[in-house]
Structure formats: structure tokens, C-alpha cells
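Undergrad: As a plain string of letters, each chain reads:
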Amino acid sequence: MTGPEAPDTPATVQPGDRSPWNWLLFVPIVVPLLTLWYNADSPRILGFPRFYWLQLAFIIIGVSTTTLVYQLSKRR
Amino acid sequence: MRAHTLEIVIFVVLFLGVSAMGFVAARWRRPDDLNHLDEWGLGGRSFGGWITWFLIGGDLYTAYTFVAVPALLFAAGAAGFFAVPYTIVVYPLVFLVLVRMWSVSHRHGFVTPADFVRARFQSPTLALLVAITGIVATMPYIALQLVGIESVLKTMGMTGSGTLARHLPIIIAFAILAAYTYSSGLRAPALIAFVKDSLIYIVILVAVFYLPYKLGGWGAIFDAADAKFDKSASPADGILLNANNQLQYITLALGSALALFLYPHSITGVLASRSRDVIKRNMSALPAYSLLLGLIALLGYAAIAAKVTPLKNPNGTNDNNTVVPLLFDKLFPDWFAGVAYAAIGIGALVPAAIMSIAAANLFTRNIYREYLKRDASPAQEAQASKIASLLVKVGALVFVVFVDPQFSIDLQLIGGVIILQTLPAVALGLFTRWFHRGALIGGWIAGMGLGMWMLYQIPNAATKRAHFGGSAFPLSEFGFDSTKTIYVGFVAVAVNLAVAALLTVIFRASSVTDGGDDTTRDDYFADADAPRISAASNSPVSPAVAPDLII
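Protein chains in written order, with the numbering used here: chain A, 36 to 111; chain B, 55 to 605.
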């Protein structure tokens, strides 16, 4: 949704931030909010219940997705 | 009680060293003329990747977070861990939003989110609402930074009896902070952030390995927390979520994430960066702080395992904010505890400085220049902001000295709910001009009213308060047959959006006059090389010029 100012000069290349890769950003937004995936004690890793180590692991998903989207949408 | 001399000496030495840096910062990356709001209030809009990373990190992850989140885990368990999903979700969520905000602000010379709203919707009234919302939400946040420092001072026994004696150290600390923020502007917290974050990273890395060694491993720490919550009378606590607070956990994490970058101080950090690339790279790199925050949160459980008993408030209730400082006091050598305390104390200065600058900028741009002095020169703007930043800090200090700290915490809670009400105008406004300006005002009123009412309804058993006791609203109050709770801000902003959309349709149908739009589509994608619009007058939204003449 880019609002009412729809492209009215199709002849020239419009600047923009639309990229199909942007949809990937939904992954790190949705995954950390699904409590049913991680609201459990076992298995424990290094003594951390699943609730804690899995949520900390989601940080990796967040970092890698934003990095990926940045790199992929940069070269167009 | 043993002497805290070594801790106090290390704390004071580090604190003074950092304060000296704050004054020196005025010369750092020195511009030709510091008497310009772009220089004083935004560090010349020139910060690269590293500085931005430290600045925004130091800005968002405040001393209060480092003290209050573990306190929450200490008292309530898993529910307090929402801070981790919250700070993971926020970056992908705002990835595209913030670069647009940067671009349009770069093109038009906006300093505050209200500047943007003013131009986008051509509505000084809406801009004023956004500015006032921002200032009101930021003030208690600054006060909380003082609460963070106080928890440390209290642990070191640096607080006498009597109102003035109890607060004297904090008044001195804040006077120093106010002085170097006045002289150096945003450069001071940017420079200090390096020290603050380095100290915190070192302290936490050591703590993460040393604490389990002292307390029998992380497994034992979690088991001790589990045992404590099993014994407690409250059914709501535990090291896992229960059936009733999962919805609250999810909506609080998402709602807080939506709110975070609406806070004026977050926008200030973003606008101070040099280019779109710097922001995008930071959205990938900032979650490093979330890892830190997650580990700090778990210090709350370590405190349970170490059998820490929180100090008391003057009114006899437990001051859970003291558990982390007490944990360091109990298990670490004095010198290291001193370093940890300094990390928390300095950690409070960085966000407090940026917040006061952001609030001062809002006052200057959207109240002073809009209503008091329309033809203010850049130098006059900078001067007004400097003075406003002092007043904001005095205000925060008055809060802490004369008002129950619990009240600041309540206000901070309200702050998150009210800043969310600027979401339709500020965040969605970056993507669409569809909303009618009058409808946005209507939505703001509806969301604000509902949010306040809901917060008023929530009691708190622990602090024995009948109202404003938390942000978890029982769905049964809405007439649902349910024991679940939901985050107030989330409901309020949903209603705000619905009302704004509905009114937009109604206003359009009945041809109520809407404002125009001073921005163009290309403005939202402009990068550092794009020239500033109407740079000569330095007033992109100058009321004297008709909007269509600007472009």
C-alpha cells in the first residue's frame, strides 16, 4: 500500500521500496509471537527451559531475515 | 550492613569520567555552528553505522529496562520475558517504516514526528496533538531513568533520610547531565553511549558465566525460580506462561513493538543517522542488544536462586528494582559490583539525555515555532530547545523527588498506551495519505479515551492500588466469558484505527474539507544525495508559503 499517489508517470522508473523479498519480514514478526511453540519446559539446553532458549534463538531468525532482505532488495 | 566504600569510589570515578566526556563532546565532529537545531538536536544528521548502533541501542535499552525487566521476572516469572519477543519483532516491523521517515525528514528538514504530520496532513492541530502526546509520554520515561539510578544508589546506601537528603545524589547527577546536554546536545549521549554499552556488555558477559558457576548452573537457577513460584499464592506467576496470560504476552510484545519507534527519542536517534543504508544495517544489527536484554532479564531468576531479598520502599512495600543491584552486591567482589553500578547509572544518562532533547525539539518545533514565534531563526530554535531540555529535566526530577516512584512507573505504563495512539498519523501516514486529517483527530480521541478508561479499571494486588495497576485488561470486563487478559494499548489503538477509518469514509462522503499534502511520493525514497527542499528558508513547512509553492 503506497497510498493514493499511484504511479502516474509509468514512462520513468519510479523509486520505491517495493520488493517481493519484503514479505520475508513477516517471518520474524509472526514466529516470536506464537506462544504455543515455545511455552514448555522441555527439552532443556544448558539448563535453559525451551521457553527461554527458543525465544533467544528467535533473535537469530530476526537478524538473518532483516540482513537477507536488506541484501536482496539492495541489488535490483 | 557492610561498607560500600570501594563500590562508591568506582561508581563516582566512572560517573565523573563520563560526565567529562559529555562536555568534551561539544568539540567532537565539530560543526561550524552548533547553534542550529540540526546540530544541537540531531548531531548534524551525520552519524554513521557504528555511532548510530550505539546511540539507538543506548537510547532504547535504558537503565530502567535493565533494572525493571529482571525485577519483573523476579516477581512474576515468564510474563516478564515479553521484552525479548518485543525487541525481536520490532526491527522487521519498522524496517521499511523508518527509512521512509528518514527520507522524508531529510528532504524537508523535519526534526520531529509532529513536523512530518504537520506537512503530510497540513494540520497544525494534529501536529500539536502528536507533539503533546510525545512530550507527555516521554516525561515519565525520563523520571524512570532516575528511578534506575536510585535503585543503585539505594543499594550502596548513598541515600540519607528526609526528602532532600534522600535525593541529593540524584539531584547532583542530574544537574551535571543537564549541563552537558545543554552545551553539547545530541553529541553528548552519542559519545557516552560507547562507554555505557561497552560497560554493560562486559558486566553481563561476566555475569552470565560467573553466576551459574556460583549458583550451581542455569538448570539449578531455573529450578529455584520454579520452586519459588510453586510456593507463592498467586496463580499468575511461574517460569512458563499459563492459559490466561498468553494473549496478554503476545499483545504486549506486539503493542510495545509498535509503540517503540513512535517515541520521539527513537525517531531522534534515527534522524541523526547519515543515510538510509545506515538505518537498514542497524535494523539487522540492533537485535544484538535483545540478546543482552534476554540475559539481563534472567538475572531476576539468578536473584531468586541467590535468595536476594529486595529493599523496602518508604511505604513498606518491596522495591523489586533493587534485586539486580543487590545480586551484584551479594555475589561479586566489591570492585566489580562498582563497575556494574556505574554501568546502570551511566546507562540512565544516555536515554535521559536523548529523551530530553527529543521532548525539547517537539516543544520548539511544534509549539514554540508554531504558536509563539513563527519567524524563529535556526539559532533561536536551538536556544529554545536548549532551555526546554533543562525544563524537561527539572520536571522529571520533581516527579522523582516529590512523587511516589510507583506513580512514575504507572505513568510510564500509560505512556506506552498513549504514544501508540499516534500510530495512524505517524506510522501509517508514511505509507498512505488516505486518512482524513479530522478523522485522525477523532481516532486519537477515541483511542486515548478508551485506553485511559481501561487502565483506570485495572487494580494491582501487590501495591494495593485500585486503579492504574497494570496493563493487562481482563476480557471479562468487556462482557466476554473468559479469564484471559489483553494489553490495553493494543485494544485502544485498534479502536483508534477503526474510528479513524470510519470517520474518513463519512467525512469524504459528506465532503468535509481535508488538508493537502506537502510531500511527494519521491520524498519517501530520497537518499542522502537528494537535496533538501527549500533549504534557503530552512523552514520546509513555513506557514507563510502556500503548500504548492514549496515544491
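Any given hint could turn out to be false.
Here chain A is said to cover these stretches of chain B; the calculated rule only asks that three of the stretch's residues, wherever they fall, bring their Cβ under 8 Å from a Cβ of chain A [to be verified]: (1) 67–76; (2) 325–337.
For the chain B half of the interface with chain A, some residues (derived, Cβ under 7 Å), not all of them [as the list claims (entries may be wrong)]: (3) L147; (4) F149; (5) L150; (6) V151; (7) Y267; (8) P289; (9) G292; (10) L294; (11) I304; (12) S344; (13) P387; (14) I512; (15) F579; (16) A582.
Short, incomplete list of chain A residues facing chain B, as computed with Cβ under 10 Å [as the list claims (entries may be wrong)]: (17) L60; (18) P63; (19) V66; (20) L68; (21) L81; (22) V98.
Simulated from the structure, these hints should not be mistaken for laboratory data.
Every residue gets a Cβ at the ideal spot worked out from N, C-alpha and C, and that includes glycine.
Undergrad: Could you run down the list of hints and mark each one as holding or not?
TA: Tested hints:
1. 67–76: violated (count 0)
2. 325–337: holds (count 3)
3. L147: At 6 Å from the nearest chain A Cβ, L147 of chain B passes the 7 Å test, so the hint holds.
4. F149: Nearest chain A Cβ about 6 Å off; hint holds.
5. L150: Since the shortest Cβ distance to chain A is 6 Å, the answer is holds.
6. V151: With a closest approach of 10 Å, the V151 of chain B hint is violated.
7. Y267: violated (12 Å)
8. P289: violated (16 Å)
9. G292: G292 of chain B check fails; min Cβ-Cβ to chain A is 10 Å, beyond 7 Å.
10. L294: Since the shortest Cβ distance to chain A is 6 Å, the answer is holds.
11. I304: For I304 of chain B, the interface hint holds, since the closest Cβ of chain A sits about 5 Å away, which is under 7 Å.
12. S344: holds (5 Å)
13. P387: violated (25 Å)
14. I512: violated (22 Å)
15. F579: holds (4 Å)
16. A582: violated (14 Å)
17. L60: holds (4 Å)
18. P63: Since the shortest Cβ distance to chain B is 5 Å, the answer is holds.
19. V66: Holds: closest Cβ of chain B sits about 9 Å from V66 of chain A, inside 10 Å.
20. L68: holds (5 Å)
21. L81: holds (6 Å)
22. V98: Check passed: Cβ of V98 of chain A comes within 5 Å of chain B, closer than 10 Å.
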